[in-house]
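A.B. asks: Residue strings, one per chain:
Number of protein chains: 2
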Amino acid sequence: MVQELEEGLPLEKVKEFSLEELLGMAIKAEIGARKFYESLAERIEIPALKEKITWLAGEEGKHEALLRKMYGSMFPGKEVLYPEEHIGPELQPVARELHSAQDIIELIRWAMRAEEIAAQFYEEIEKIVETEDRKRLMRYLSDMEKGHYYTLRAEYELLLDWEMYSQMMHVGP
Amino acid sequence: MVQELEEGLPLEKVKEFSLEELLGMAIKAEIGARKFYESLAERIEIPALKEKITWLAGEEGKHEALLRKMYGSMFPGKEVLYPEEHIGPELQPVARELHSAQDIIELIRWAMRAEEIAAQFYEEIEKIVETEDRKRLMRYLSDMEKGHYYTLRAEYELLLDWEMYSQMMHVGP
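Chains as they are written, first to last, in the working numbering: chain A, 1 to 173; chain B, 1 to 173.
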């Protein structure tokens with residue numbers, strides 16, 4: 001296992017946690033994802049890719065804020081509870097230097113996996129929350145993570161052909 | 001039919017055009033999508049949504065540049081050929097004032113439809129181009145449009161509950 005991705009519990013374990021715990025896990029996961037993308041962006045020198053990863057970091061920051069708002073409305077005045085466990089893979093900050101395209105490709109692949117499971121995780125929480133507005137917010141977050149998944153998959157696909165990537169990514173808008 | 005979305009030919013018609021024509025259609029569609037998003041962003045007052053739509057406009061601009069680069073490498077020195085017809089829906093600039101959330105919701109729905117078909121259109125072109133690098137570029141574009149589709153679907157989902165949207169979208173990162 002690589003250091004940037006901590007494998008967590010399988011999705012079925014969602015049932016064993018309270019909604020409060022699940023939201024705490026989600027907030028923790030969004031923070032982890034943001035730090036992962038921020039640290040990855042710092043280590044990437046291709047401007048187009050750096051910009052995209054920085055954008056992803058900002059998106060995860062917004063999700064964290066949305067989740068905190070929902071948490072606050074459901075558990076007013078309570079500190080967020082962060083369980084030790086987490087459902088699905090959780091991204092960790094990138095601490096090492098990246099030496100090759102292969103290093104970046106590998107990290108993008110972990111991020112894809114984490115985004116895919118995050119989308120499913122929000123779908124599971126959607127089943128648990130009771131009001132339509134909370135269900136709606138979970139669908140929003142799930143769709144956003146699906147969007148991230150495809151954005152990353154697009155980059156991944158081009159990165160596999162490094163020569164083409166460097167050539168193509170020098171085009172301006 | 002609304003003015004912002006022109007229904008084009010069904011996807012099966014791809015076979016009836018040359019690759020040069022299909023690339024011309026794709027470039028025209030990316031230009032149309034960019035102008036659609038730019039004009040939509042100008043008419044939207046919610047900062048978070050305006051920013052997202054502006055981001056989409058920039059993305060389509062990059063796709064246009066990538067396609068022109070590919071066109072240039074396949075048909076060196078040739079002017080881009082823009083057929084009259086187009087496959088699937090094509091987005092047009094928004095010329096009217098938007099008066100309600102419902103107006104925005106409707107436009108986001110057209111955009112979702114256009115992005116979805118665009119993703120399939122690139123998959124069709126992928127089958128036609130012969131070299132691996134060109135197939136790869138088509139997969140890249142197809143995945144990017146899928147990413148846009150889910151990003152839009154997320155916003156659409158929240159917009160349906162306008163009160164919640166305005167409340168949620170005031171959170172900072």
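Check before you lean on any hint, since a few could be wrong.
Put simply, identical chains are the same to the list, so a pair is met inside one copy or across any two.
Unchecked claim - Think about it this way: if two alpha-carbon atoms lie no more than 30 Å apart in a straight line, the pair counts; the simulated DSBU-like pairs of lysine-lysine are:
1. Lys50 to Lys135
2. Lys50 to Lys13
3. Lys35 to Lys13
4. Lys135 to Lys35
5. Lys52 to Lys135
6. Lys52 to Lys28
Think of the hints as simulated: they come from the structure by calculation, not from any bench.
Remember, it's a predicted structure, so these values are computed and weren't measured experimentally.
A.B. asks: For each hint, tell me whether it holds in the structure or not.
C.D. replies: Structure-based check of each hint:
1. Lys50 to Lys135: Close across copies (24 Å), not inside one copy (33 Å); limit 30 Å.
2. Lys50 to Lys13: Neither, since 35 Å and 38 Å both go past 30 Å.
3. Lys35 to Lys13: within (25 Å within a copy, 46 Å between copies)
4. Lys135 to Lys35: within (27 Å within a copy, 33 Å between copies)
5. Lys52 to Lys135: both (29 Å within a copy, 22 Å between copies)
6. Lys52 to Lys28: both (22 Å within a copy, 24 Å between copies)
Consistency note: the structure conflicts with earlier hint 2 alone.
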